[in-house]
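If you want the building blocks of each chain, they are given just below.
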Amino acid sequence: MGKSSKVIEVDKLVVRFSGDSGDGMQLTGTLFSHTSAIYGNDISTFPDFPADIRAPQGTIGGVSGFQVHFGHSGVLTPGDYTDVLVAMNPAALKANAKWMKPGGTIIFDVDSFDEKNLQKAGYKTNDPIVEDKLEGFNIIKAPITTLTRESVKGIDIDNKSILRSKNMYALGLVYWLFNRPIHHTEDFIRNKFARKPEIMEANLRVLQAGHDYGNIIQAVTPSYHISPAEVRKGIYRNLNGNKATAWGFLYAAEKAGLQLFLGSYPITPATEILQELSARKDLGVKVFQAEDEIAGICTAIGASFSGSLGITSTSGPGLALKTEAMGLAVMAEIPLVIVNVQRGGPSTGLPTKTEQADLLQALFGRNGESPLVVMAASTPVNCFDYAYFASKIAVEHMIPVILLTDGFLANGTQQWRVPDEGDFPDIIIPKTNQKPGEFKTYQRDSEKLNRDWVFPGTAGYEHRIGGLEKDAVTGCVSHDGLNHQKMVEIRQEKLERIANYIPKLEIVGDENADLLVVGWGGTYGHLFSAVEELNAEGTKVALAHFNYINPLPANTADVLKRFKKIVVCELNLGQFAGYLRMKHPQYHYHQYNKVQGQPFTIHELKEAFLDLI
Amino acid sequence: METDLKLSYTDFKSDQNVRWCPGCGDHAILNTVQKAMAELGLNKEEVAVISGIGCSSRFTYYMSTYGFHTIHGRGSAIASGVKAANPRLKVWQVTGDGDALAIGGNHFIHSVRRNIDINVLLFNNQIYGLTKGQYSPTSKRGFISKTSPFGTIEHPFRPGELTIGARGHFFARTIDRELKLCVDVFKEGALFEGTSVIEILQNCVIYNDRVHDEITDKQFKDDRTIVLEHEKPMIFGKNRDKGLVLDGIKLKVVTIGNNGVTENDLLVHDAECEDNTMHLKLANMEYPEYPVALGVIRKVKAQVYDQAMEAQIAEIQKGSKIKTFLDLAKEGDVWEVK
Numbered sequence: 017m018g019k020s021s022k023v024i025e026v027d028k029l030v031v032r033f034s035g036d037s038g039d040g041m042q043l044t045g046t047l048f049s050h051t052s053a054i055y056g057n058d059i060s061t062f063p064d065f066p067a068d069i070r071a072p073q074g075t076i077g078g079v080s081g082f083q084v085h086f087g088h089s090g091v092l093t094p095g096d097y098t099d100v101l102v103a104m105n106p107a108a109l110k111a112n113a114k115w116m117k118p119g120g121t122i123i124f125d126v127d128s129f130d131e132k133n134l135q136k137a138g139y140k141t142n143d144p145i146v147e148d149k150l151e152g153f154n155i156i157k158a159p160i161t162t163l164t165r166e167s168v169k170g171i172d173i174d175n176k177s178i179l180r181s182k183n184m185y186a187l188g189l190v191y192w193l194f195n196r197p198i199h200h201t202e203d204f205i206r207n208k209f210a211r212k213p214e215i216m217e218a219n220l221r222v223l224q225a226g227h228d229y230g231n232i233i234q235a236v237t238p239s240y241h242i243s244p245a246e247v248r249k250g251i252y253r254n255l256n257g258n259k260a261t262a263w264g265f266l267y268a269a270e271k272a273g274l275q276l277f278l279g280s281y282p283i284t285p286a287t288e289i290l291q292e293l294s295a296r297k298d299l300g301v302k303v304f305q306a307e308d309e310i311a312g313i314c315t316a317i318g319a320s321f322s323g324s325l326g327i328t329s330t331s332g333p334g335l336a337l338k339t340e341a342m343g344l345a346v347m348a349e350i351p352l353v354i355v356n357v358q359r360g361g362p363s364t365g366l367p368t369k370t371e372q373a374d375l376l377q378a379l380f381g382r383n384g385e386s387p388l389v390v391m392a393a394s395t396p397v398n399c400f401d402y403a404y405f406a407s408k409i410a411v412e413h414m415i416p417v418i419l420l421t422d423g424f425l426a427n428g429t430q431q432w433r434v435p436d437e438g439d440f441p442d443i444i445i446p447k448t449n450q451k452p453g454e455f456k457t458y459q460r461d462s463e464k465l466n467r468d469w470v471f472p473g474t475a476g477y478e479h480r481i482g483g484l485e486k487d488a489v490t491g492c493v494s495h496d497g498l499n500h501q502k503m504v505e506i507r508q509e510k511l512e513r514i515a516n517y518i519p520k521l522e523i524v525g526d527e528n529a530d531l532l533v534v535g536w537g538g539t540y541g542h543l544f545s546a547v548e549e550l551n552a553e554g555t556k557v558a559l560a561h562f563n564y565i566n567p568l569p570a571n572t573a574d575v576l577k578r579f580k581k582i583v584v585c586e587l588n589l590g591q592f593a594g595y596l597r598m599k600h601p602q603y604h605y606h607q608y609n610k611v612q613g614q615p616f617t618i619h620e621l622k623e624a625f626l627d628l629i
Numbered sequence: 201m202e203t204d205l206k207l208s209y210t211d212f213k214s215d216q217n218v219r220w221c222p223g224c225g226d227h228a229i230l231n232t233v234q235k236a237m238a239e240l241g242l243n244k245e246e247v248a249v250i251s252g253i254g255c256s257s258r259f260t261y262y263m264s265t266y267g268f269h270t271i272h273g274r275g276s277a278i279a280s281g282v283k284a285a286n287p288r289l290k291v292w293q294v295t296g297d298g299d300a301l302a303i304g305g306n307h308f309i310h311s312v313r314r315n316i317d318i319n320v321l322l323f324n325n326q327i328y329g330l331t332k333g334q335y336s337p338t339s340k341r342g343f344i345s346k347t348s349p350f351g352t353i354e355h356p357f358r359p360g361e362l363t364i365g366a367r368g369h370f371f372a373r374t375i376d377r378e379l380k381l382c383v384d385v386f387k388e389g390a391l392f393e394g395t396s397v398i399e400i401l402q403n404c405v406i407y408n409d410r411v412h413d414e415i416t417d418k419q420f421k422d423d424r425t426i427v428l429e430h431e432k433p434m435i436f437g438k439n440r441d442k443g444l445v446l447d448g449i450k451l452k453v454v455t456i457g458n459n460g461v462t463e464n465d466l467l468v469h470d471a472e473c474e475d476n477t478m479h480l481k482l483a484n485m486e487y488p489e490y491p492v493a494l495g496v497i498r499k500v501k502a503q504v505y506d507q508a509m510e511a512q513i514a515e516i517q518k519g520s521k522i523k524t525f526l527d528l529a530k531e532g533d534v535w536e537v538k
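First to last, the sequence lines map onto chains Z and L. Counting from 1, position 240 in the first sequence corresponds to residue 256 in the working numbering; the numbering is continuous, with no gaps. Counting from 1, position 161 in the second sequence corresponds to residue 361 in the working numbering; the numbering is continuous, with no gaps.
Be a bit skeptical, because a hint or two may be false.
[What the hints assert, rightly or not] Below, a list of computed lysine to aspartate or glutamate pairs in the EDC-like style, where the Cα atoms sit at most 20 Å apart:
#1 L:244 to Z:442
#2 L:530 to Z:439
#3 L:538 to Z:553
#4 Z:249 to L:531
#5 Z:451 to L:215
#6 Z:447 to L:531
#7 Z:208 to L:215
#8 L:523 to Z:442
#9 L:521 to Z:487
#10 Z:297 to L:515
#11 L:518 to Z:298
#12 Z:451 to L:246
#13 Z:271 to L:245
#14 Z:297 to L:531
#15 L:523 to Z:437
#16 Z:581 to Z:505
#17 L:530 to Z:270
#18 L:530 to Z:437
#19 Z:447 to L:246
#20 Z:208 to L:246
#21 Z:249 to L:533
#22 Z:510 to Z:468
[As the list claims (entries may be wrong)] Partner residues are not named here, just some residues of chain L that face chain Z (Cβ under 10 Å, in silico):
#23 210
#24 221
#25 222
#26 223
#27 250
#28 257
#29 264
#30 280
#31 377
Treat the hints as calculated values from the structure; they're not laboratory data. The beta-carbon is built from N, C-alpha and C at its ideal position, and this holds for glycine as well.
Whenever a hint applies, use it, and build me the whole structure from the sequences.
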């Protein structure tokens, strides 16, 4: 590719596609990240949907964005600030200008910057660049609408279809800007519109025209080059957190030799798990779209009782409704996984935004002494791993598990390497060694303390379980006080012994650092990046990030005691910090908290850590 | 045929002491369920008894089959999960008027709507027994109880009307002390593929004694109830001289011999008629205007949820190249790094 313009060699870049919710920005962003991933870059993406289903066209409320962070390697977050913004209308510019990096590039469709649209976006003048003080940026005013129309001349399609292909123009231009090949997207277009040859031809032409436009304006515009990283051999694909979660369950059920059963009710931002598994009849998944959240978990409990891997998916308000049934699963000691894709709360809260404020609900939100496993995924693609291990723990220890993810992980995308056979350990069903006719429901494994799992249908092992307390030996209903205490203690001990079967907590960064940053769940990318950058700049900071919360990793105290200062960072008011104070009261915990429905920024974290040191 | 039975009804009894109050209608129901299971030739291991909370829900512990005593109102949802996940099990749900129609009303109507193959035994004693005497959603208006000391001001549910309103395909009614009728309708419900709701008029000897006596007492029963049989004329009465006819759009009780009425003028019961209007009228009959309908009121074949779920999976699997998870993971938008 002969390029005469200035080429900037960089490690990482953030590009944000932004437009009206009908402008196809999610697709544009997805296609761009796909091409970058295939090229060999590390990627992390974050879609930012409008909260309303259809906000008025051209307004800030209707702006839909898709941010892609890509780089040579080590890309762990979708990025705080944007290097390149594509704005399809004035509202998109208005909504995103404050997130621009100094010296960045703004591409906008100058055709859409008419008086009406400027007004709808809230501009008071006809010059948004001056009004928002954007003169310092590299501005590309591209007549995208006009040139899109121009390039499809002679193709017999309606006006609506022409306007719909504008996003391909922007995408073609961005491909030029980053030296990316357009053929992956061409393949996609050919495949998607195989039955609509006019639309296919139009989109192909518009994409090419956008790319060519870059060549035309190259004298005035720098382009960027990011070299591909060396990555482990294998088959790769892009995956978001919700799909990764659903897939982790698919793989776990297959490895355990169990039928997968999902009982669920649609709720933002967890619905995609329900949708993804509903489509997987090819793998024999049974999905029960229940009448409510309670029936979602209850059908899953019924399925587990009858010999399936029962799971239920939800978000905060739904978890609240499932509370009583979780207690039943604790009491009946059956395997069950409850996924909570956390969103802003309380009540309906901020359904499309991210938060980590359901931790205490997950840990303690039940009547009685009701211990269950709580764990949390920390990147979009490791939702796969933690869904797998949540299932493994549930089955092997006969205990319900709450898996916490969040809106940020659920919608964020990364490239994912398809596992090889043997990458994941087997899942062993705790079948019984007891003799038929003498089955004791609560006879336990001496190590794990789990009871045996016998599926109904097995002759000679008929038994009854339920929510009433049972005698530790006979398994019959018992109201005896001493027996109750014994059973309460056994259920707690069974949970605590799981610490012997989970990985130890690792310290990332300098073990002799002055400050230990502690986090859990979906904040990993931001915390890691902040810690890494500070270390690179000469400040000694370490990170301990938790995926297992109940029980905590066995070496938690060993890690905490090494550091003079500990700061616990969470997207809530300090729930994990409070939990650590309860479990390990001998240490002092500083807190850094944010509850704005948005992830941390690396910038704010670094400032907070420097303040503490 | 008794001689062909593999198990006797006592084989379905667990080793637990039955702890319902002496004289409670539940004892008789337990015995007749066990008898029905024995006569159906069921094996213990293929039966799962699911219950919610309430006196009736302790039923699970008194059976020697698989069982799950769950939480209040959720029996329908848990039974739905058991049957959908493992259709080879014979799922019996034991519930009461509070468990199924108050706290569990939503799950109840939806399991009926889906037509999952579950046999629902709905013990209706018009009272909360386990919490010692509060009115229930089936208590008659004006009923005096601990929480309605001046009489209830609520309209009661009629379980048959609710079942049929939820597009139910099987509804039957029986009385706890009518042992033969119980065994018959339990068996018919068990053999029906789909949700079969069986309302059992059950006597709570402590908190609502004799609530059904005005119709169930031996003295009046024949005149105040009608046992419906498929394709048989709707005839009842101690002297078999009363019957039902349609008068305009309403049912009417007539006496054979009066005004020239003969048996041929009576309605003939068609439990298998898909149109539910007549079933609704029959299910809603109340004393004293009408006899209360017993037996199988509605029994109509329809798609069964758990069967359809398996059939759909089998159909998709037949045409799919994806046989394992890794097939799926490697399909579509993937790229290889070599």
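Satisfaction of the residue 250 (chain L) interface hint, Cβ to chain Z closer than 10 Å: holds (7 Å)
Holds or violated: the hint that residue 257 (chain L) contacts chain Z, with Cβ atoms closer than 10 Å. holds (9 Å)
Regarding the pair residue 447 (chain Z) and residue 531 (chain L), is the alpha-carbon distance no greater than 20 Å? violated (34 Å)
Run the distance test for residue 518 (chain L) versus residue 298 (chain Z): straight-line Cα separation, threshold 20 Å. OK: residue 518 (chain L) and residue 298 (chain Z) at ~8 Å, within 20 Å.
Status of the hint placing residue 377 (chain L) at chain Z (closest C-beta pair under 10 Å): Not OK, violated: residue 377 (chain L) not within 10 Å of chain Z, min 27 Å.
Does the structure keep residue 297 (chain Z) and residue 515 (chain L) at a Cα separation of 20 Å or less? holds (9 Å)
Keeping to a limit of 20 Å between CA atoms, is the pair of residue 451 (chain Z) and residue 246 (chain L) held or broken? holds (19 Å)
Sort out whether residue 437 (chain Z) lies within 20 Å of residue 530 (chain L), counting only the CA atoms. holds (13 Å)
Given the hint that residue 451 (chain Z) pairs with residue 215 (chain L), test it: the Cα-Cα distance must not exceed 20 Å. holds (18 Å)
Keeping to a limit of 20 Å between CA atoms, is the pair of residue 271 (chain Z) and residue 245 (chain L) held or broken? violated (27 Å)
Going straight from one Cα to the other, do residue 510 (chain Z) and residue 468 (chain Z) come out at no more than 20 Å? Satisfied, since the Cα-Cα distance of roughly 13 Å is no more than 20 Å.
Just to be careful, I want the Cα atoms of residue 208 (chain Z) and residue 246 (chain L) compared with a cutoff of 20 Å; is the pair within it? violated (49 Å)
In terms of the numbered hints stated before, the structure departs from hints 1, 3, 6, 7, 9, 13, 16, 20, 23, 24, 25, 26, 31, listed from lowest to highest.
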